[in-house]
Amino acid sequence: MDVTESNFEAAVIDRSHSLPVVVDFWAEWCAPCRQLGPILEREAAKRSDRLELVKLDVDANPAISQAYGIQGIPAVKAFHHGRVVAEFVGAQPAAAVERFLESLLPSEAELLAQKGDEESLRAALELEPGHAAAAIQLARILSGRRQKDEALEILGRVHGSFAAEGLAARITLEQTAVPDLSRAFAALDAGDNEQALDFLIGAITPARSSRDEIRRVVVGILDELGLDHPLAIRSRTRLASALY
Numbered sequence: 169m170d171v172t173e174s175n176f177e178a179a180v181i182d183r184s185h186s187l188p189v190v191v192d193f194w195a196e197w198c199a200p201c202r203q204l205g206p207i208l209e210r211e212a213a214k215r216s217d218r219l220e221l222v223k224l225d226v227d228a229n230p231a232i233s234q235a236y237g238i239q240g241i242p243a244v245k246a247f248h249h250g251r252v253v254a255e256f257v258g259a260q261p262a263a264a265v266e267r268f269l270e271s272l273l274p275s276e277a278e279l280l281a282q283k284g285d286e287e288s289l290r291a292a293l294e295l296e297p298g299h300a301a302a303a304i305q306l307a308r309i310l311s312g313r314r315q316k317d318e319a320l321e322i323l324g325r326v327h328g329s330f331a332a333e334g335l336a337a338r339i340t341l342e343q344t345a346v347p348d349l350s351r352a353f354a355a356l357d358a359g360d361n362e363q364a365l366d367f368l369i370g371a372i373t374p375a376r377s378s379r380d381e382i383r384r385v386v387v388g389i390l391d392e393l394g395l396d397h398p399l400a401i402r403s404r405t406r407l408a409s410a411l412y
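If you read the sequence shown in my numbering, its first letter stands for residue 169, the second for the next number, and so on.
By construction, these hints were calculated from the structure, which means they are not laboratory data. Every residue gets a Cβ at the ideal spot worked out from N, C-alpha and C, and that includes glycine. Treat the hints with caution; some may be incorrect.
[To be verified] So the derived label-pair ranges between C-beta atoms look like this:
(1) 342 <-> 172: 45 to 53 Å
(2) 290 <-> 237: 39 to 47 Å
(3) 362 <-> 240: 38 to 46 Å
All chains should be built: construct the whole structure from the sequences, respecting the hints.
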């Protein structure tokens, strides 16, 4: 599939939230591109149910090429969840292309986490105890059943996830049942992120002993919204003002 500047956002960025999208930046005059292209197409076709391959002509689409820093071709970039997660430049042998594509595919734990039921989530965590997505989903289920200690134990095995840290901070704060925070969490559960963030950021006052836990909840919400979400952009500025 060929993509252009007019449909790149939908065909690559938006689509990559469902599965990995591999972009082959190429040009008609480029001999290494003609060498790599058939290998990419063959290997991608073997995995067509788990990833997509698209091609972008750098001469016909200079703005996209410049935006992603294309200096030499062929250049291959893999997008997942809206951002570049892997890439290489230059023609590669079939074995290297195969390894590259395989590295983009979900692990068994990720496939189990995508199912979302408790049994699958526990199975995913048996395979990868620190799997953030599985831990967050299971912790939410457990917290909803008031099994908060187990939820915190599961989240404690996750490292490097703002969303997991934020959920753990929320569970800890819920145990104090503070009225203004209860309103924030009710709004969050209702899907009203804007109101929830208003309540939470407003609750960060210099004298409040729990201000760091509230900050973690806010950062976790912003992490799940994504860097470029308009609400996240506005809220980061408000959070900085509240903290400093």
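Here is how each hint holds up against the structure:
Residue 342 and residue 172 have their C-beta atoms about 49 Å apart, which keeps the hinted 45 to 53 Å range intact. As the Cβ distance of residue 290 to residue 237 is approximately 42 Å, the hint placing it in 39 to 47 Å holds. At roughly 44 Å, the beta carbons of residue 362 and residue 240 sit within the given window of 38 to 46 Å.
In summary, this structure violates none of the numbered hints.
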